[in-house]
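Asks: Residues per chain are reported as follows:
Number of protein chains: 2
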Amino acid sequence: MLNGIGREIPEYLDGYGRCKPYPSSETGTGGPGLAGCNEKGSHHGEKYRTDLKVLLDEIGIENGMTLSFHHHLRNGDHVMNVVLDAVEAMGATDIRVAASSVFPVHTSLARLIERGVVTQVRANYISGPVADLISSGKMKYPAVMYTHGGRARAIESGDLKIDVAFIAAPLCDKAGNISGADGPAACGTLGYAIPDAQYAKRVIAITDTLVSYPTPMTEISEMFVDYVLEIGCIGDPAGIVSGTTQITRDPIGLKIASLAADVIGHSGLLKEGMSFQTGAGGVSLAVAHFVSEKMKAGGIRGSFASGGITGYLVDMFEEGLFESLLDVQCFDHKAVRSFRDNREHQAMCASRYGNPHNKGCVVNQLDIMILGATEIDLDFNVNVTTGSDGRIMGGSGGHSDTAYGSKLAIVVTQLVKGRLPIVRERITTVTTPGESVDVLVTERGIAVNPNRPELKVLLEDAGLPVVDIRRLYEKACSLTGYPKDLETEAEIVAVVEYRDGSVIDVVRKV
Amino acid sequence: MLNGIGREIPEYLDGYGRCKPYPSSETGTGGPGLAGCNEKGSHHGEKYRTDLKVLLDEIGIENGMTLSFHHHLRNGDHVMNVVLDAVEAMGATDIRVAASSVFPVHTSLARLIERGVVTQVRANYISGPVADLISSGKMKYPAVMYTHGGRARAIESGDLKIDVAFIAAPLCDKAGNISGADGPAACGTLGYAIPDAQYAKRVIAITDTLVSYPTPMTEISEMFVDYVLEIGCIGDPAGIVSGTTQITRDPIGLKIASLAADVIGHSGLLKEGMSFQTGAGGVSLAVAHFVSEKMKAGGIRGSFASGGITGYLVDMFEEGLFESLLDVQCFDHKAVRSFRDNREHQAMCASRYGNPHNKGCVVNQLDIMILGATEIDLDFNVNVTTGSDGRIMGGSGGHSDTAYGSKLAIVVTQLVKGRLPIVRERITTVTTPGESVDVLVTERGIAVNPNRPELKVLLEDAGLPVVDIRRLYEKACSLTGYPKDLETEAEIVAVVEYRDGSVIDVVRKV
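Residue numbers (the numbering used here), protein chains in the order written: chain A, 1 to 510; chain B, 1 to 510.
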């Protein structure tokens, strides 16, 4: 046959198959898109929009859709509220919200749950009024609480199908190249938004800072973005990043941190090439401080620090204590600046950070991880999902991912908080299984998981105050009295998924 | 029911579905992988290997498999030869080789084609003995010749399924993080290898420079890599990058380049924010030189230059003539250094560069593209696949992608080469359809595609020597005589795919 420009081609060719003649209906105008990924876009289509409601009409928001958001603007995020207000105005219902995290600022989400417009929330961390509403049984379907790596896994595997991803974009060009490195709402890396961009059926970048093509330091490419919406303000810098994350000044907190650093010092892992991660809490940062002193004293240079990155880790990096930073989320202004200015402050996506089902993630390379706990039981199972009153106040985030991957996962906590024992016979909710927690450090002593007998010997030989976890439990209860069993109703308000998608626990209505 | 750590969970939950109890068989040990992407890896599995044959036995190379390679080491590549030698030694047969390009250095591929071990080659560009063998009908199945964007499309859509991708890695850590930024075989960006890494069933990084985790300036992440093989040498720097790409000194070439720059100058596109791409040929670089002079004279600052990046474009970038470089492949040492040292020398993957079926690619943002031709017909259809003797000597590479996407696609060529006319009534092979070519510039005049009448007026008004393309054809034939029709056999030795996967032409045995 002759194709459209008069060249003779066969209809079928052995070793090739059927020949589709040029020009085809798909020439340059879209065709089969990324297999298993997001749907095809249209060629040369103008992506730029300025009216959210018109855009939502254009893409068609239907009842039952799943809308996704990232949490890099944290408690300064305007985007989720703005979008959900418009979704409500359209009269849509039975909306599922898949946000990487939910914060107190997300009052529109709370309102839409109360009004029955949003019937499910899926997130890695939930705090504020949305958490309270879920705990009170006000949402139609149970919330699903992921780990950071588990959410990436769910999106990539198709367990979590996103209809429309709304991506807050601190910098964006009209073709949809997104960066968080600069702009009034600069948040640094955009690690949690990347699976959404890659796998959502439709992707909308929402920016307040349109830049000329191509966006400097592009983190999410135009190849994944259908529309670019410009609005006045995507977020409040004061809520996006805390000013300076602070080391605790509490003497008990400092004692715990010092003990934790001693555990690290005697674990055999404080050595050249070590890797380290800690959260942004005051005690965790104090651990980083004491570890930093030990590294300097020993002339030790680590390989990387990872996770959500704080200014304190940036300081260690800039002092040469780590060769690089692997950053899924910047916690403060210093981290944002460092990411913008230093190339070995490398971004990583959520899947590379912690997805257990890809070909290898960063947590698997981690030596030392410092973790918090609201409760821990005698099997070292940890709760960071609910308070002891049973109400949702957080979630795993990277807790389970890093506990699993790291060689030494240390939980640091006071033995008693608010007149309640932290060590318990039975905890309210299991977030992270005890089998991946190695050590508990409290101001009253250090408990080592029985599955790490060699570590226990090392710490005992070093003269550290190693005790059985049951002794810590008894000690705590001697101070507070034995805690009463929490009364919950039968109704399940949230499912706690482990990183692989299995159900590690459920949260019931209180 | 109780899950594995004694928590009571339901078997089924409305709004959630069936609950998979923790721990599941998939906990931390792999499970459903990336949907449509590469298969799952295994947790904490040791990826590092030192013996290629043992590794090939381990993964199991079976008859009929498709093995892929990238061409960033160009004519200095050792990896394809080393791998294919081992594949032959294993006794495998009916192997398909999907390389982004094939060069004269690939003598093992030629030998395996002759011996019938390799039965098909799929590539964007083929030169050297492999091209000769294909043209002579020595390969069992027809070659498939893609465009750079079309290959990314084929991989992402599943049209091209890769069993094992072998990725030459100038720098790599034991977890599989790959960078081309440094090392003895530094090649800069790795844009053409990225679809292979994302979609091949198995991915092997092959390196001669193992670095500590994490690899600096990681371009391909561990999450896609199954194995890391260390060998002595992956490539010869002398063949990887040319020393310095040179502007032509030929007066005819300079005249053509100067005319092409005049076309640009009067096209309305030489202005603030302009974008520009050119290949590494001597005339193309001379166009860049004259454009650069016009930009400086006019105080014009462009937005980006793109494509395979040469030192000449780096110079323009460093002089402030472009705000950024979008680089899919570094052509010389200066480009490699610039990529390593300058953050706004941004890498792009092949899909972002030219895939017509994603949500937007860089070529669609391109103003001006300078293209070559071995032949061009009266409809402006261009051949860069075969010589006038009908033998394969190249391929589209990014030719069709950039011609389609750019606002002004200019073909620059001498009217006569080697006593053969370049403008022809009928060309040997159509690589790029004439409808996406805007202007032909020769030393004897400028022909404008009739589908761009407004451009013709602009150039005529500027006093440029605009002529009908048929006049150029007659002129050429008056110098060379009318070319005889090429005699080919009926046997089809290669299928030329347009970027959307339709067949634009076939190549027959000579």
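Check each hint, because a few of them may be wrong.
Note that identical chains are pooled: a pair holds if it fits in a single copy or bridges any two copies.
[Stated by the list, open to error] Straight-line distance between alpha carbons at most 27 angstroms, and here's what the computed DSSO-like set of lysine-lysine pairs gives:
id, residue 1, residue 2
1, Lys-53, Lys-456
2, Lys-140, Lys-20
3, Lys-20, Lys-161
4, Lys-201, Lys-161
5, Lys-271, Lys-407
6, Lys-201, Lys-475
7, Lys-255, Lys-456
8, Lys-294, Lys-53
9, Lys-201, Lys-255
10, Lys-417, Lys-53
11, Lys-456, Lys-475
Think of the hints as simulated: they come from the structure by calculation, not from any bench.
Asks: None of the hints should be skipped; say for each whether it holds.
Replies: How the hints compare with the structure:
1. Lys-53 x Lys-456: The answer is neither: 60 angstroms in one copy and 43 angstroms across copies each exceed 27 angstroms.
2. Lys-140 x Lys-20: between (49 angstroms within a copy, 21 angstroms between copies)
3. Lys-20 x Lys-161: between (32 angstroms within a copy, 18 angstroms between copies)
4. Lys-201 x Lys-161: both (8 angstroms within a copy, 23 angstroms between copies)
5. Lys-271 x Lys-407: Within one copy, since 13 angstroms is at most 27 angstroms while 57 angstroms is not.
6. Lys-201 x Lys-475: The answer is neither: 54 angstroms in one copy and 54 angstroms across copies each exceed 27 angstroms.
7. Lys-255 x Lys-456: Only inside one copy: Lys-255 and Lys-456 sit 20 angstroms apart there, 80 angstroms across copies, limit 27 angstroms.
8. Lys-294 x Lys-53: neither (56 angstroms within a copy, 45 angstroms between copies)
9. Lys-201 x Lys-255: neither (50 angstroms within a copy, 50 angstroms between copies)
10. Lys-417 x Lys-53: neither (47 angstroms within a copy, 59 angstroms between copies)
11. Lys-456 x Lys-475: within (20 angstroms within a copy, 90 angstroms between copies)
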